[in-house]
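Chains as they are written, first to last, in the working numbering: chain P, 1 to 407; chain X, 1001 to 1407; chain H, 2001 to 2141; chain G, 3001 to 3141.
No false leads were slipped in.
Keeping only pairs whose Cα atoms sit at most 25 angstroms apart, straight-line, the calculated DMTMM-like set for lysine to aspartate or glutamate is:
#1 H:Lys2133 <-> X:Asp1086
#2 X:Lys1263 <-> P:Asp370
#3 P:Lys111 <-> X:Glu1107
#4 X:Lys1137 <-> P:Glu107
#5 H:Lys2027 <-> X:Asp1067
#6 X:Lys1263 <-> P:Asp153
#7 P:Lys137 <-> X:Glu1262
#8 P:Lys164 <-> X:Glu1262
#9 H:Lys2053 <-> X:Glu1070
#10 X:Lys1323 <-> G:Asp3077
#11 P:Lys263 <-> P:Glu107
#12 G:Lys3053 <-> P:Asp67
#13 H:Lys2053 <-> X:Glu1262
#14 P:Lys329 <-> P:Asp151
#15 P:Lys137 <-> X:Glu1244
#16 X:Lys1263 <-> P:Glu107
#17 P:Lys263 <-> X:Glu1107
#18 P:Lys263 <-> X:Asp1147
#19 P:Lys74 <-> G:Glu3109
#20 X:Lys1137 <-> P:Glu262
#21 X:Lys1074 <-> H:Glu2109
#22 G:Lys3027 <-> X:Glu1399
#23 G:Lys3027 <-> X:Glu1392
One side only, chain P facing chain X, incomplete, derived with CB under 10 angstroms:
#24 Ile14
#25 Leu24
#26 Gln37
#27 Ser48
#28 Gly57
#29 His59
#30 Gly93
#31 Pro129
#32 Pro261
#33 Glu262
#34 Asn279
#35 Ile349
#36 Cys364
#37 Pro367
If you're looking for bench data, these hints aren't it; they were derived computationally from the structure.
Ideal Cβ placement from N, Cα and C applies to all residues, glycine included.
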Amino acid sequence: MSKDILSARNDFPILSSQVNGFPLVYLDNAATTQKPQSVIDAISNYYSTINSNIHRGNHTLAIQATDAYENVRKKVATYINAASPDEIIFTRGTTESINLVAYSFGEAFVKPGDEIIVTQLEHHSNYVPWQLMCQRKGASFKVVPFDENGDLDLEILADMLSEKTRLLAVNHISNSLGTINPVEKIVRMAHAAGVPVLVDAAQAVQHTLHDVQVIDADFYVFSGHKMFAPMGIGVLYAKEKWLEALPPFISGGNMIDQVTPEKITFNVLPFKFEAGTSNVADVVGLGAALDYINSFDFQAIQAYEEDLLDFGEELLSTIPGLKIYGNPKRRSAILPFNIEGIQHFDLGILLDTKGIAVRTGQHCTQPIMDALRIPGTVRASLALYNTREDLEQLAHGIERIIRRIRS
Amino acid sequence: MSKDILSARNDFPILSSQVNGFPLVYLDNAATTQKPQSVIDAISNYYSTINSNIHRGNHTLAIQATDAYENVRKKVATYINAASPDEIIFTRGTTESINLVAYSFGEAFVKPGDEIIVTQLEHHSNYVPWQLMCQRKGASFKVVPFDENGDLDLEILADMLSEKTRLLAVNHISNSLGTINPVEKIVRMAHAAGVPVLVDAAQAVQHTLHDVQVIDADFYVFSGHKMFAPMGIGVLYAKEKWLEALPPFISGGNMIDQVTPEKITFNVLPFKFEAGTSNVADVVGLGAALDYINSFDFQAIQAYEEDLLDFGEELLSTIPGLKIYGNPKRRSAILPFNIEGIQHFDLGILLDTKGIAVRTGQHCTQPIMDALRIPGTVRASLALYNTREDLEQLAHGIERIIRRIRS
Amino acid sequence: MSQKPSVKEIEQNLIDDFGLMDNWEEKYEYLIELGQDLPEMDAALKTEDRLVKGCQSSVWFDIHCQDHKVVFSADSDSLIVKGMVAILNEMLNGQPAEEVLKADLTFFETLGLWHHISSQRSNGLTAMLAHLKLAAADCLK
Amino acid sequence: MSQKPSVKEIEQNLIDDFGLMDNWEEKYEYLIELGQDLPEMDAALKTEDRLVKGCQSSVWFDIHCQDHKVVFSADSDSLIVKGMVAILNEMLNGQPAEEVLKADLTFFETLGLWHHISSQRSNGLTAMLAHLKLAAADCLK
Ligand SMILES: Cc1ncc(COP(=O)(O)O)c(C=O)c1O
Ligand SMILES: Cc1ncc(COP(=O)(O)O)c(C=O)c1O
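Looking at chain P on its own, in the form it has when it is part of the complex (with noise of 0.2 angstroms):
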């Protein structure tokens, strides 16, 4: 039996805390997510019996911390239908995942005159490590743009494709207008062009579709922070050709086959892209975060998040001056809005002074704000706890500040 959702809050330690006085209303997940008890526990647990370093020692805790190490990884396979353990590599998050392929990928395959594609949506993460990548090895930097509604233009994206372009970057999900990409379209769209696409799903693995099969993508890369797992852990999935086919990021211990001063050879897979010691208690961490999230039903949770946005965005609505941004075809878990006459600034302060936790600014997506000419916004994003009273003390606290500043 799958667990109840509305149950979900009583797992997370920190949302029955107080902030200034007030229940805390989290609602900052796309920054990252709270952790449920049971991934506290596991990190407890980790150190409190089996810490070590692994993969090279013999003696129980070794073996012990291997395995956890190890089963977690043949987990976040089966979360990702990854065709083989293999096939996914622990890294620190999203960046660190994304700065690996640019690193990697730009080293073996990208020469002068080559093209990048990204898009106007994308996070900094998945911007500026190819913006980099382009000018070290004189390729172009290409950019899709977005439209009144913030959905991508494909018929453009369609037109930049060519015989030029080495690798599409696009995310899944926006973190900052909540857009769901039509991710399956544009691999479509880009192998039928030859060209291997990088989908950043630091919004989307827990929230929507995560099959990498399904999707086609060549690599998929997301945080465990956002998905209820600790910081300091991140997946790179590539399919294995690709894994084979690029020279490793990080280099050092565990990643080396031999190594003498004149010649190195690398390890295998996985290992040749983990250089150093791993991160094992942040691993098992994931793996908890895993089971926490398989002890639902998944289409329950995406059902249940789906309501709770077209709750929050009607709520919202009705709320003079305030104006919601973007109207994409579907969007996911963000809602993105400013006050007139109120700074973001202003507001999120003002809200947390009643223990109410959004973000304001750019969110790191400058190249949005850009072209939506704006400074920044305040942006209320959901997680499977957040509850429809979450989003009633959100509206209420707007009123309440315009009521105050306009009087």
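Once you have looked at the hints, place chains X, H and G with the ligands on chain P.
Relative to chain P, chains X, H and G with the ligands alone:
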């Protein structure tokens, strides 16, 4: 009042556990140390009370988490006596810190024909990144050998240093032989030749002098997990002038000032080098680990560990057929050995049947094993919670195994 | 006496005023009121070169030196930052350059109000004060 | 009958034998004894090309095909790995190629003994068995 070192054992929950039916004797500290309850609690408390993404938020959790994170930066700066907290960059660990420097320094300062010097005593993580950088940049890779005692040959180093040398990378303490290298002297030699030095302090920062201004290191790197802190967090210290001069390594969120398709400007120090969501929880854990170390008198720790090492060295020396590797002028916390006729691998497994955890193999130092012409060693490595009884257990275990196998 | 009260006196008054508020909300509302009472800045002065870097919101400062005193007008598009500007205005506008050079942020910490802004090491408040001190130093040359 | 017992029979005997041991130490000691009883491998056969990759210790395998049976001699510089080799020898040496192809590692897991080696996905045991299966497959061609 400083804490009594002999009480340390009680602070580490794992140390009172049983392994294979025997009380754990943990002698694999050079691989990773165990964690005191205070560090484990710091992580749990963080996630239960203030977890948030940092630096860009203006709600209370974000502010508390930011403060907690930045306070640890100050604590680290104080611990290693950096001139400013801006010189402290949080990374995933020693390996990433070294890769960052190898990459960024290489991009900025290394041309074909230049030379990089490392030593034969290095861990792969302070060897391979330089070797690969030299391959990329067309530079030569030079290796300072060690002598029959396991001490670096400083005359050869003196000869190698030239106007072609761009950087010298050397560890303070060898993880494989335990040699304490005279880094102050080495840095003076290098600086006299105008060569900056990276000091790999992964095995030093918790055992010996760790004052970066006394050492005068240009770059100084270490891992939290080897100093009672969580996995997944490490430090790059660099003199501010270098951090200003180097281009960023990982790029993405938080390290950007402004970005348009045509142009990027970077954030101020230290943020320029900290792209992506920071691992706040493990940084907070690192802070708790520093507090833990600081609760002792550091000189007392050093004296205690030196005494323990002497005791262990003597004890093992009495075992017939046991050979300890290296006889350096100064040794720290590490006892590498082999038993005639018994493979290191076998000895490790057999000791484990008695709950004794040692590491066996090459210890990510193939160049050392090649120089010694052995496939590997058994390595017992100490931390402040180890006792004479631990070493007696080790000696008894070895003697028993020898008796059984030879019988 | 037409002389402005000393920085310390103004500080104490503000601490007393803010001490009357029960909670954060009221403190911020009071701060915003202070900002709303701030004399308008000439729109023509809101130029790129008068923008203070390092703030999450736009803040413009126009600073002059008169008889070794620091005189300025300022504005922000954030109501809260404008409130902070108003406090800086009340405390430091027209004060002798020496006084401005001595000003520090412990007062803001005492108010507590600033934890939203002051936790960032390179924050708007630091940046604004730095601007004023730069001008004060020039003033003494 | 001169026929070798089936792999399953040998497996069961070994499981019974190891079941008699109380603890890991005894199990490993017994394993080492098995290894010490293994027929010597001709030193001339211990060449680079007979080394099995993926082991923490050196393991040499010399494998032949005789009448569709897999016949081998092997050795290791590790006493424990040599014990494993001895078990492979007892179970699979001289068995029909089909049997060798069917052999799996669940038996080793049952013994429990192998947790030190089997937790590594690319470990010596897997590598040794893969070698034998490759030869067995050749044998059937
Ligand atoms: C001397 C030395 N350098 C570098 C490293 C690599 O550290 P990490 O694996 O934590 O990145 C280690 C430890 O494994 C070490 O002992
Ligand atoms: C869409 C998207 N991509 C990338 C990132 C970067 O993830 P991280 O900071 O965990 O590396 C984020 C989150 O900040 C994001 O929302």
